[in-house]
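This is what each chain is made of:
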Amino acid sequence: MKRLLFVVVLLSTLVLSSVSAAQSPVLTIWTDDQRLPVITELSAQFTEEFGIEVVVEPMGIQDTKDAMIRGASTGEGPDLFIIPHDNIGALVDSGVVAPIDLGDKAELFLPNSLEAFSYNGELYGVPFAVENDACFRNVDLIPEMPETWAELAEVTRALVDEGKVEYAVALPDLGYNYYPVYTAFGGYIFGRDEAGSYTSEDVGMDSEGMIAGAEWANALIRDGYASENLDWEAAHVLFESGQAPFIITGPWAVDRFKNNEVPYAISACPAAEAGGEPGAPFIGVQGFMVNANSENLLLAQTYLTEFIATDEAQQAIFEGDPRPSAWLAIFEATEDPDMQGFAAAGANGQPMPAIPEMGYVWDAWGNAGLLIAQGDLTPADALAEAAAQIRTQIEEGN
Amino acid sequence: MLIPKTTHPNLSPASALRLGLVGLFDAGLIWLIVRLVQDGSYPLAGIFIALGLVVTVSMSLDRFRAWRWLCVGLSLALLFVLYPILYTFYISTTNTGGGHVLTRQQVIDALERVQYVPEGGRKFSWTAFESPAGEYALWLQAEGSAAQWVTVGAVQADVQPGTGSFGPADENGIPLEVEGYRRLERRDVIVLLDRLGQMEFGAPPETIRITGLNAAATTQARYHYDEAQEAILDQSTGTLYRPAGGSFVSEDGEALRPGFFTGVGLDNFNRFFSSAALRGPLAAIITWNFMYAIFSVLFSFALGLLIALLFDNLPGKRIIRTLLIIPYPIPALVSILIWRNLLNPDFGALVKLMQAIFGSAPNFLTDPGWTRFAIILINMWLSYPYFYIVSSGALQAIPTDMLDAAAVDGASLWQKFSRITLPLLLQIVSPLLVASFAFNFNNFNLIYIFNEGNPPIAGTPIPAGHTDILISFVYKLAFTSAQQDYGLASAISIVLFAFVAVITWLQFRYTRVLEDRH
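Protein chains in written order, with my numbering: chain A, 2 to 399; chain B, 275 to 792.
Simulated from the structure, these hints should not be mistaken for lab results. Among the hints, a few may not be true.
As the list claims (entries may be wrong) - Quick partial rundown of chain B residues pointing at chain A, CB under 10 Å, derived from the structure:
1) Gly373
2) Asn488
3) Pro532
4) Gly533
Note that beta-carbon positions come from the ideal geometry of N, C-alpha and C, so glycine has one too.
Take the sequences, apply the hints, and build the full model.
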């Protein structure tokens, strides 16, 4: 017994003494796989310049939010992490992110990228890339993007009638990827309060603009010019195989369209009427945020304001994963026609609402789209039902 | 009862090894427990302490020799079965979820860390100096006023470079050297940044804090927790926030972020059972859930058994058997996605084939009836090989003399099957059927991967689909559609657990009745 006790005590002392931590600041960054190489490289530069060790860890971008929220109570997690802006509401509500002050450097960013990273009037991160849907057309079939949705429908219906294509448009959904049609007709998801922030008190799902937008697709579907089956994958296959001349989708689809050698062009979307405001897509912004529970809060903020908010770092990130940059100088300098197309479409884009209530929208909206497409409900009824579902959940959730 | 006491004058090598391993195990465990206590996970730490005691005592004292092998299983059961169940139950009585993940104390600490610049406060740019004793001082500059020299606890206003202990200035008007101090350069400062940020420079009431690499300001703590009132005071506005429902809330109903988690009793269960929104689609979902589980098991079993009977005595049995169980080793995820594409209304191969033969094809993704049909069909594809294997094995165990005797008595094939083979077979496989039912009752993968519970049901108060089963409905409710509401999700999973437990218990009772008959 005594011998055993001795062994136990000895070993546990050894183990315990190794638990005590060393005391020189180390920054930890969570990044997605795509940006792992460039962030690792940048961090090596930072280490060289300032003598501070930076640990870069890969973390799936979908998992970051959950991991941050779960880690909040134990103080775990990185000092900095990369995340899309629409998680900001949930993160702020859970007390996981710290505000940041860019000072004069704010002018160097795309204004709506900073708007997206703000919540309740405070800036919570430093963006580096913006993403939005744009209108894709098959240039062999539609040489010029028509100015209005009505014209587009006319042109593409004619193509079907001539037997050149199977469907007039490919519809991935009647929600996120259809938003430019809704907004062209004046639709919206959440209204804004006086400060310009989205508010869950004004649910726009059943507004006239939304219904008018949905009617556009409904007419095409009922007449057999668009598929009753809304399916993201199927819609992309229709476009890339040349069976549909038009689709609204995002940067993630570009590679597959290139691989399939479909002659596409990317541009801003049509308007409701000639001379009207073009349909606005949602804008998603990606950037860094600072963990509010970090022991190196000021250092982490400094990393962003002094090191990431610079021409060199933004250029490196842009080259590491080319998507439209949130850094104004790079955004404006691009000569890539695809990126110019996305930029044109996103010029009047709206940041995707980051309020937690947005979580109630997706399922209700998606279901309304399916019910419209299947012909189970009229657009007005389907959207009214979706609006009621969202309002019910907002009410019960509180 | 007298047990002869064995003595060990010398430790045998085997015992020494065993004790050494136990020592190692304990050391690892103690390290883990210390970490858990540091993290505040007391229940889990408690479980590990109990576990460590049981293992150590039974492994090192001969009196408890009989417990040695039992204790391993016991500890694992404790850790991986009992603890998660109890923890889920605990979570279900709290409001844990997005916005409510911190403890109340953590929220108070976080709020008390928040600093603000009060009205009339000043902002500075700063340069840090360090004394050989490791004390820090700041040279503060603000536009339109003289510089200040501050240390922790003292302030020297209106200082000029080149006077007193201050050396000559650089191009920015900052002294290059100060007597008794060393000027810190940017590189040194960055390493120290967060240590400096913790310090309050200057003399109260006006304290100065570093707010960034270049900025410092006269700041004050924005929130103060009043122990007596158990409320948080916002010192910038004078608003009092009282704890209510997991947040500190002002009289106007404005809640401070973040919220904290707190016990809410059986509220989550209440919400589940009393919410009109939830109850709406629940009946439809439960009905389909039962249909889904029952038909899946029934048809898969029937198909598996049929094939087992047909191919029981056939030449080339081995090859056929190999081919038949092919769906089994393919990951279900892959199979389901392939089926989804085969049945796609626009370009699915099966749909095209049906259109070619019959002129039209049902819509397997948007028509509720056909979607359900497709799901059961896919589940048959996925699980018949299992029942085929099980049935073929079980059929071997049925004594052939009974069948021979029946044949002599002139029984038909059907009579032999229904009177002898099936009852005997059921006796063997019924526990498997019950288990399969319980599994399919919560078989989330198929439902979610195939069609995410779609097509949607029109007219429900909250989104729900025709092919949603309870678990997929709950998943959407608790995780995709709202903020992650772990409390509600735990409550619902306990309800589901109760559901399945009762059904399983009833089935086992029923199958025991079957067995008793013989």
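Gly373/B as chain A interface residue, shortest Cβ-Cβ below 10 Å: holds, 4 Å
Hint status (Cβ of Asn488/B to nearest Cβ of chain A, threshold 10 Å): holds, 8 Å
Proposed interface contact between Gly533/B and chain A, which counts if any beta carbon pair is under 10 Å: Where the cut-off is 10 Å and the nearest Cβ of chain A is about 7 Å from Gly533/B, the hint holds.
Pro532/B as an interface hint toward chain A, with CB separation required under 10 Å: Holds - the Cβ of Pro532/B comes within 10 Å of chain A, reaching about 3 Å at its closest.
Comparing the model with each numbered hint stated earlier shows that all of them hold.
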